[in-house]
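Kindly generate the complete structure, drawing on both the sequences and the hints.
Keeping their order, the protein sequence lines are chains A and B.
Numbering of the first sequence is given in the numbering used here, commencing with residue 211 and proceeding in unit increments.
Numbering of the second sequence is given in the numbering used here, commencing with residue 5 and proceeding in unit increments.
Treat the hints with care, since some could be wrong.
To be verified - Cut-off 25 angstroms, straight-line C-alpha distance, at most; resulting in silico cross-link-like pairs (BS3-like, lysine-lysine):
hint	chain 1	residue 1	chain 2	residue 2
1	B	101	B	146
2	A	256	B	146
3	A	234	B	187
4	B	187	A	255
5	B	106	B	146
6	A	249	B	188
7	B	49	B	106
It is worth saying that the hints were derived from the structure and are not from the lab.
Chain by chain, the residues run as shown.
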Amino acid sequence: MKKNNTDIELLSAYIDGELSPAEKKYIEEKIKSSLELQKELSDLKKLKELTSSSVNRISESPFFETRLFANLNAESQSKFNIKKWIPISSLTVITLALMAVLKFNPNLLDDLIKQQKSNLVGFYKENLQPLLYAANLTNEDIFNFAVYQELPLDKTNNQILKLGYDPKGSEFFEIKKANQINGADNLQKFVTALDFDENEIKNIDSIIGSYSEQISALVLVNNQNAVAINPNIWNTRKIILADILAFAEKHASSNFNKMIPTQKMQFDDHSIAKWVNEAKTIKDNQYIFCTSDSIFKEDYVFDMTEYEKNMEKMTEDLAELSEQKAVLREYHFKIDSSNNKQKKNSGWTNQFEVFVDSDIIKVSVQSIAIDIPEIDLPNFDSIAIIIHEATQNIKSVRPPSSPMTVGNKSYNYEYNNVTPKNKRKSEVNLDSLMQIKNMQNDKNRTQQKDRIKSETRENSIQFFYNDSLILMQNQELKKEMDKLRKELQRFREDFKEPQNENNDTIKKDSSDDVEIIEI
Amino acid sequence: MEHEQKENMQQPKILSLDDDFSLIKRFIDGEELVFNELLKRHKEKIRNIIYLTLSNTDGVDDIAQEVFITVYRHLKSFRFESQFTTWLYRITINKCKDHLRKKNIRSIFLPLRDEEPVFESINEDTDIKHIVRNAISTLPDKLRIPLVLKDLDGFSYQEIADTMECEIGTVKSRIFRARESLKKILRPLEKELML
Numbered sequence: 211m212k213k214n215n216t217d218i219e220l221l222s223a224y225i226d227g228e229l230s231p232a233e234k235k236y237i238e239e240k241i242k243s244s245l246e247l248q249k250e251l252s253d254l255k256k257l258k259e260l261t262s263s264s265v266n267r268i269s270e271s272p273f274f275e276t277r278l279f280a281n282l283n284a285e286s287q288s289k290f291n292i293k294k295w296i297p298i299s300s301l302t303v304i305t306l307a308l309m310a311v312l313k314f315n316p317n318l319l320d321d322l323i324k325q326q327k328s329n330l331v332g333f334y335k336e337n338l339q340p341l342l343y344a345a346n347l348t349n350e351d352i353f354n355f356a357v358y359q360e361l362p363l364d365k366t367n368n369q370i371l372k373l374g375y376d377p378k379g380s381e382f383f384e385i386k387k388a389n390q391i392n393g394a395d396n397l398q399k400f401v402t403a404l405d406f407d408e409n410e411i412k413n414i415d416s417i418i419g420s421y422s423e424q425i426s427a428l429v430l431v432n433n434q435n436a437v438a439i440n441p442n443i444w445n446t447r448k449i450i451l452a453d454i455l456a457f458a459e460k461h462a463s464s465n466f467n468k469m470i471p472t473q474k475m476q477f478d479d480h481s482i483a484k485w486v487n488e489a490k491t492i493k494d495n496q497y498i499f500c501t502s503d504s505i506f507k508e509d510y511v512f513d514m515t516e517y518e519k520n521m522e523k524m525t526e527d528l529a530e531l532s533e534q535k536a537v538l539r540e541y542h543f544k545i546d547s548s549n550n551k552q553k554k555n556s557g558w559t560n561q562f563e564v565f566v567d568s569d570i571i572k573v574s575v576q577s578i579a580i581d582i583p584e585i586d587l588p589n590f591d592s593i594a595i596i597i598h599e600a601t602q603n604i605k606s607v608r609p610p611s612s613p614m615t616v617g618n619k620s621y622n623y624e625y626n627n628v629t630p631k632n633k634r635k636s637e638v639n640l641d642s643l644m645q646i647k648n649m650q651n652d653k654n655r656t657q658q659k660d661r662i663k664s665e666t667r668e669n670s671i672q673f674f675y676n677d678s679l680i681l682m683q684n685q686e687l688k689k690e691m692d693k694l695r696k697e698l699q700r701f702r703e704d705f706k707e708p709q710n711e712n713n714d715t716i717k718k719d720s721s722d723d724v725e726i727i728e729i
Numbered sequence: 005m006e007h008e009q010k011e012n013m014q015q016p017k018i019l020s021l022d023d024d025f026s027l028i029k030r031f032i033d034g035e036e037l038v039f040n041e042l043l044k045r046h047k048e049k050i051r052n053i054i055y056l057t058l059s060n061t062d063g064v065d066d067i068a069q070e071v072f073i074t075v076y077r078h079l080k081s082f083r084f085e086s087q088f089t090t091w092l093y094r095i096t097i098n099k100c101k102d103h104l105r106k107k108n109i110r111s112i113f114l115p116l117r118d119e120e121p122v123f124e125s126i127n128e129d130t131d132i133k134h135i136v137r138n139a140i141s142t143l144p145d146k147l148r149i150p151l152v153l154k155d156l157d158g159f160s161y162q163e164i165a166d167t168m169e170c171e172i173g174t175v176k177s178r179i180f181r182a183r184e185s186l187k188k189i190l191r192p193l194e195k196e197l198m199l
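The structure is reproduced here in structure tokens:
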């Protein structure tokens, strides 16, 4: 079979004319002697004819050359097209340049970041002003700060600075929105409860007022919505409280002990002075800046003396501005908490722990506070209730009405004074020292208020006497009174004459017309 | 005298062997416009080789473009060791092989199709040439290409061997096997085809 296939393979090459002369001679002899090869040869020839005749030439492509030369031109252009290498080469050059710069100056990026940070810090440190001037802190506010640990930052928006202890016992302060800022008369309640006299009230006011400057330098604000808080505010608050309580204990020890019976702490000038000194030893030029986009700690020296000079100048300017009816700028603290998940600055979180939420910034102060014992205070609202009950039991005493003198003769008109129908007998619990003192203190308070308003009263009196309308009314009243007097005289004379004749009738008539006339 | 006669005989023989050489030399010397002449001379032959090798017209012109771009790119490095056509056909066959290989790879990832019947039932209108071309197209590439080059393009075994870069005996064997396969394929239609 293999031999047969070889012969047929030779036949295939034979019909193609591809055999050597020797192979050709060999196969031709084979074909002559073999019918099978003859038939195979015939089939192969027919197949070759079929395959050769099956050629179907493809039609010419008229635009072949045009297309080819277009491709060749495009290729030659793209071969020398430098443009496509420009981005890659420029990127490579920039990368190499950056690598070289960073190799010789590895701190470049850090320096840049530091510079940007300092620029940002500088921006927020600009034009810082004490809170006292911005928020108009009163003695009441300072008292509330000392006692209730709340300092109003923005009274319009109820935004407060709150100091406190976290569950771990470490101290913190937070800026947040309060539902309600503490009542405006806590200091008054305190003074009333302790039964201070006028001088003592002056003293306590001056004590509290003396701290206002110190607090003002501890909380600074500016028009970039930045609030800079000195962590020393915690100690200052304790010192104020201790000072107030020490004064209270010294000048009203009995009431003070009633008010704070469990207080074992002895306040004396020495210990307070010691705390004040300790507080001063704390580095007080470090502020925690709460800004709209970051919270950071930064050294900042606030020169109060220079600021006061500026303030004097500003006050003059303000006076001019007020004349021009210029609108003064208001301070609002807006805290953006959108970045509250940003990485903490581990460099100073050992000292401070910052928590930011949608309406609160809380900074925990852990290591800066000096060791001043915390003082337990009663709730002054509860004292207020006692005061209120006491005053309910005291009848209000009014001075008697002064008689009105008209003309040369004096006529006493007894007016039915409008007195409360529910007249109650005065019931004063004399055993309650607190209640009596409260009453006196009420009086003192009134006097104090009068004292405060003395200036305005002078103005009003002046205003009163200068009022021509009232003067005119008084003159008219006098005229009317003269008329009345004359009529009464006439009436008396007329009354005397017919009295003898128709005494009963007149009496009857007069009883109808005139109800009560006592002369 | 005999020497002169030999020289006279050889020179026209060289020129007649491949006139393409003179054009290529001019091209190498910088006369690139002569490429247009080479193109005109061989374009249709190349297109038909591609057409017969692929057994369809799809992509014929694209492959032919690639062939002549390659020729243009490498013509200056032509070494005159073989005929230009041999080099040209080798490039063409290689391009066709590349195309067929890519096509086969693509077909792996294409969804399966119902196999179309290679041969339609013979009727009066059936074209015998079409049947034979279909039968040739079913042959494997290594058998089909030498057969096509021999029977359809009229190549010699040597030219086929040079083009396909194989031995002449291999060409002879492959053409024989191609014919045997073709006979088996066409055997059902033996009577109609008068085989």
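Each hint, compared with the structure:
| no. | hint | in the structure |
| --- | --- | --- |
| 1 | B/101 to B/146 | 10 angstroms, holds |
| 2 | A/256 to B/146 | 23 angstroms, holds |
| 3 | A/234 to B/187 | 23 angstroms, holds |
| 4 | B/187 to A/255 | 12 angstroms, holds |
| 5 | B/106 to B/146 | 16 angstroms, holds |
| 6 | A/249 to B/188 | 16 angstroms, holds |
| 7 | B/49 to B/106 | 23 angstroms, holds |
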